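Residue numbers (full-length UniProt numbering), protein chains in the order written: chain G, 1 to 413; chain H, 1 to 413; chain B, 1 to 413.
Simulated from the structure, these hints should not be mistaken for lab results.
A quick note: this is a predicted structure, and the numbers were derived from the prediction, not measured.
Heads up, a few of these hints could be off.
Copies of the same chain look alike in the list, so a pair counts if it works inside one copy or between any two.
Lysine-lysine pairs mimicking DSSO-like chemistry, simulated, CA-CA at most 27 Å apart [to be verified]:
hint	residue 1	residue 2
1	Lys309	Lys232
2	Lys232	Lys104
3	Lys309	Lys263
4	Lys232	Lys263
5	Lys263	Lys387
6	Lys390	Lys104
7	Lys309	Lys104
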Amino acid sequence: MASKYPRSLRGCLPLWTLLLQAALIVIFFFFASYDSFIQYPEVVTQGAILQDMVVMAALGLGFLSSSLWRYSWSSVAFNLFMLALGVQWAVLLDGFLEHPRLGKVFIELSRIQQATMTAMSVLISAGAILGKANLAQLVLLVLMEVTAFSATRMISQQFLSADAHVSMMHIHVFAAYFGLTVAWCLSRPLPREAEEKDQRKTSPSLFAMLGTLFLWMFWPSFNSALLHIPDKKKNGVFNTYYALAVSAVTAISLSALAHPQGKISMTHIHNAVLAGGVAVGAPCHLIPSPWLAMVLGLLAGLISIGGAKSMPVCFNRVLGIHDTCGVHYTFGLPGLLGGITYIAYLTSWFKDPLIAFQMLYDIAALSLSLAMGLASGLLTGVILNLKIWKAPHVVKYFDDQAFWEFPHLAVGF
Amino acid sequence: MASKYPRSLRGCLPLWTLLLQAALIVIFFFFASYDSFIQYPEVVTQGAILQDMVVMAALGLGFLSSSLWRYSWSSVAFNLFMLALGVQWAVLLDGFLEHPRLGKVFIELSRIQQATMTAMSVLISAGAILGKANLAQLVLLVLMEVTAFSATRMISQQFLSADAHVSMMHIHVFAAYFGLTVAWCLSRPLPREAEEKDQRKTSPSLFAMLGTLFLWMFWPSFNSALLHIPDKKKNGVFNTYYALAVSAVTAISLSALAHPQGKISMTHIHNAVLAGGVAVGAPCHLIPSPWLAMVLGLLAGLISIGGAKSMPVCFNRVLGIHDTCGVHYTFGLPGLLGGITYIAYLTSWFKDPLIAFQMLYDIAALSLSLAMGLASGLLTGVILNLKIWKAPHVVKYFDDQAFWEFPHLAVGF
Amino acid sequence: MASKYPRSLRGCLPLWTLLLQAALIVIFFFFASYDSFIQYPEVVTQGAILQDMVVMAALGLGFLSSSLWRYSWSSVAFNLFMLALGVQWAVLLDGFLEHPRLGKVFIELSRIQQATMTAMSVLISAGAILGKANLAQLVLLVLMEVTAFSATRMISQQFLSADAHVSMMHIHVFAAYFGLTVAWCLSRPLPREAEEKDQRKTSPSLFAMLGTLFLWMFWPSFNSALLHIPDKKKNGVFNTYYALAVSAVTAISLSALAHPQGKISMTHIHNAVLAGGVAVGAPCHLIPSPWLAMVLGLLAGLISIGGAKSMPVCFNRVLGIHDTCGVHYTFGLPGLLGGITYIAYLTSWFKDPLIAFQMLYDIAALSLSLAMGLASGLLTGVILNLKIWKAPHVVKYFDDQAFWEFPHLAVGF
C-alpha cells in the first residue's frame, strides 16, 4: 500500500509539474511582455496593495488551514505551491480572455494583482479537499479552477455588465461550491485512524490563529483592492473594518452560547471571525453608513456559527461530503449573503425603471458564479477520481508522512 | 466548582455581549455616518498607517502575551475580542467628546486610526490581569477603560493644551497603572497548581517572540502615526528606530549580566526589547539627534530589566499584585521615563518666561494620565470584584480549558 | 565544562557589549546628526520600504533559521541582537566611507534603509555558524562583517563604477562565502549528541516556514529597494515576483523527484523556494520580459536543490565545513548565478566597443565580493578561534540551554 503510492509520485508528479513549469515558460516567451509605462506614485502604492494580496494568499490562507494535527506541513507548503502555479496561469489566461485578438499579454501591476486574487480561489477551495489529494491532483485542480473562475469573471464582465470589483467578490461563492463539489466526488468513508488525524493541537491551532489574524487584518485591503475612486475605496475599507469587528465579537459570543457548557470552539473562531469580511465584499463600496456593515457582520457571524454547528452533521451524514476546513460556512454562505445584499441594495438604491434590468443582470452574475462553481467542480472532481492520478489511499488521508521526509520519525511531530 | 463557572458563562456572558453588540449597532444607526470627502494619496497612505496599527494591536499585543503555558489560546482570541469591541466604542466616544454639541459622529480614517490606538490601552492593561478574568469581566474592562482613557485624552487636549500625539503617548503610563490597579483588586493567593500553569514553553514562547518582533518592527509607525508635519514624522521614525535598536542590545546584554550564570531570560527579552520604543514615544518628534534617542533606549532597557528582576518580588510579596505579563516594567516605567524626558526636554528647549506655564501643563498632563489610570483602575477593579460576574475560581486561573472546547483532551496541548 | 563557559559569559560578554553600545552612543554624539529636509510623500513611501526591510531582517531571517530542534530561541533572539547592533555600526560606517572628508554623518531615510540591508549580510552569514558561537563572538562577527561589506560596496561603487543596487545585490555571494569561511575555521568534529540536536521538529519547522514565507513575500521589495527610476523599479518587482513563483514550483517538484520514495524535504523548501529571488537580484531591473526571470528562477531552484543534495556530503566530509542552515545553496550559489547572469546580460545588451571595459568592471565587482567574503571571513574566523572568546564547548553546540534560563527544565521544550 505504502509502496504503491510513492511510485506514482516519483514517476508522475514531479516530472509532470516540471514539464508544466517549462511549458509555462515557453508560453510566456511567445506571448507575454511587460507593460512599459508607469508613473512614480503608482508603482509604490499599487505595489503595496499587491504585497498585501500576496501576504493574504501565502501566509493567511496557508496558515488558516494549518490546524490539522498531522497535516500542517502539507497545508502550508502545498498552499504556496498552488499559489505560485496559479498566479502564472491566471496572468496568461486573464490577458488572453480580456483581449483575445491581441495574441499577446501585456503584464502590468494591476494584472498581477488580479491574478493573485484569482489564484486565491484555488486556495479557498483547497480547504475543502485538504489532506485527500496528492500534488498531481492539486496541479490539475489549479489549472481547472483558475480557468473556470477566469471564464466566469469574463462572462460576468462582458455579458452581464458586472464590474471588476463585484465579479471578483463572487470568488467566495464560486470557490466554496467548487471545493465542496470536488470534495463530494473525492469523499470516501474515513477509517477510524484517519478520523483521529483530523484533530487539532494547541500549537498548530495558534498557527491557524496567525493565518486568521493576517486575513482579518488585511481584509480591508482585499475588499478595496479593485476600487479605484478614492471615495469608494474609503467606503470599502471602512465597511470591511466594521463588519470584521462585529463578526469577531459575534463569533466569540455565539460560539460560547452554542456550547452546552459555554465553552468556545477554536475552529468556530478561525472560520466565523472572517465571515463579516466575506459578506461585506460585494456591496462594500455602496454601503453609506457603518451600521449597515455592522448588521451584515452580525448576520454573517450568525450564519457562519450556525453553519459550523449544523453543517458537519448534515453534510457528513446525508451527502457524504467531508469539508476539512469548513469552507462552506466560512466562505460559501457568507459570500451568498453578500451577493444577495448587493442585489437587494441596488434595488432599493435606484428608483429607476432601468433597475429591473440591472437587478436581473446582478442576479444572473451571482447565479453564474454559483453554477460555474458547481459545474466545473463536478467536472474537476470526476477527472480527479480517475485511477491515473494514483490518489492517496484513504488511510493516508491527513497525513504529512505520506509526502514529507522526516529526519527522525521519533521527533517528527 | 467546575459546574458553577460554565453556568455563569452560558447564562450571562454571550447574551450580554450580543446585546451590547446590538446596542452599539443601534447607536451607530442614530449617531454615526461616514465623512464624505477624501483625496487620493491620503486614502492609501493613511490606510497603510491604519493597517500598521491593526497589525500591532491584533497580532503584536495578542501574541506578546501568548507565552503562558496553558493560556495561549485565550490570550490571542480574547485580545482580538477586546480589540473589536474597543474600537467600536472608542470611535463613538472620541467623536462625542470632540464635538459634544454636534450630536453626530463623522467617521474618517484618522478617527478609526486613533480609536485603534485607544483600544490598545485595553490590550496593554489586559496583560496584567490575563488568566484571572472571564469574558464578561473583560467586556466591562473594555468599556470602562476606553471611556476613562478617552476622557483623559480629551481633558489633556482641551484644558492642558497637550497635542494629539503627546496625549496619546501617555497611553503606556495610563494603561499600565490601570491594569496594575485592577490586578491588585483581583489578586488572590495562587494555589500551587495555578502557579505551575504560569509557566512558559518553547513553542508558545516563540509565538510571544513573534508578537514582540511585530511590535518592535512596527513601533516607528505607532510613534509617528499622529505626527503630520513631514519633518517631525521623520524624526519620530528615526528616533524610535534608534531607541529600539539600543534597547534590544541593552536588554539582551543586561539580562545575561543580571543572571548569576550569565543566562538570558526570554521573559526579559519580550519586555525590555520594547522599552526603548515606549520611552521615546512622547518626545520622539523633538529629539534632534540620534544619540539622545539612543541614551533613552539604554536607560529604558536598564529600567525595564531592573524592574523585571526586582518588581515581581516586591509586588508579589508586599503589595500582593500579580502582574502576569510584566506590564509594569514593559510599559509603565519606560512610559514614565518618556513623559519625564519630554518635560525635561521642553524646559531646556525654550528659554522663555512662558515656559513655566507650559511645563506645569505638561507635568499636569502626565500626572493626570497616571492618576486617571489609578483611579479608574480602582473603580473597575472594585466593580469586577462583584459576585455578579461569577469570576473564574482561582484554581481555574491561567487555564484555557475553562474557556475552550478541546476536541480530545489527550492531544489538547 | 559547564562551569567554565558561564564564567566567560558573565565576565566578558555583557559588559563588553554594554561598553560597545555606550561607545557607539558617544560616536553618534560627536559625529552623527539627522538630515533636516524631507518632502511629504517620500517620508511615507520610503518609510514603508524601510519597514519591509526590517520585517525581512528581524522576522524573515530570524525565523528562517529557527528550525533547529533545541536552538530556536537563540536563532530568533540573537538574530535581533545582531540586527540591532549591525544597523548602528553600518549607518556610521557607510556615512564615513561615502564622505570621508566631511567628518560628519548625515542620517537620512535612505541611509538607514541601506544600513538595514548591509546588516542583513551578517544575518545571512550567521546561518552558517549558528549554534557554534557565543554572543561575544557574534558581536565581533557583526563588527567585522559590516566593516568588510561596507568597504566592498564602497570599492565597487567608487573604483568599479557599480551602482548602489548591483553592489548591494552581491550581498548574497559576499555573505555566504564569508559565513562558510568562518564556519570552516570554527568546525570541529561533532559528537553524537550535538548531531542529534541538529534536527527539526514540526512546530519549529512551521516557524521556519513562516520566516521563509515572509522573505518570499517581501523579496520583490528587497530587490527593488535601491531602484529609483519607476520603470526599473517596476521591472525589479515583476521579475522578482516571477522568479520566486517559478523557484517555488521547481523546488517542491525537484525535492520530490530527488528522493527515492518521492518525499519532499522541508529543509529543501526553506532554502530553494527563495533561490529565485536571490538569483534575479543583480539583473532584475534589466530583464525586459518575464520568461527570462522565470528561466533564472528555474535554474536557481535546480542549483539550490542540487546543492542541498550533494553539498552536505562533500562539504562535511571533504572540507569539514558544517553549514548549519544551508547558506551555501540558499544564498551563495544562486547569488553567483545572478552575478554571472548580470554580466552575461550586459554583454549581449550593449553592442558597443566600450562594453569590454564595463564587463571587466562587472566581473571585477563580483570577484571582489567573493574574494572579500573569503578573505574577511578567514580573518574573522581566525580571530574567533582565539582562546580569549571562550567559545562554547562542542557538546554545547546547538543548545539553547547554554544561553537561556528555563523556568522549569522539565517543561523547557
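Taking the hints in turn, this is what the structure says about them:
1. Lys309 with Lys232: neither (36 Å within a copy, 52 Å between copies)
2. Lys232 with Lys104: between (32 Å within a copy, 22 Å between copies)
3. Lys309 with Lys263: within (13 Å within a copy, 37 Å between copies)
4. Lys232 with Lys263: Answer is neither; intra-copy 40 Å and inter-copy 48 Å both fail.
5. Lys263 with Lys387: between (44 Å within a copy, 21 Å between copies)
6. Lys390 with Lys104: neither (37 Å within a copy, 64 Å between copies)
7. Lys309 with Lys104: For lysine 309 and lysine 104, neither the intra-copy (49 Å) nor the inter-copy (39 Å) Cα distance is at most 27 Å.
Hint check: violations occur at hints 1, 4, 6, 7; the rest are consistent with the structure.
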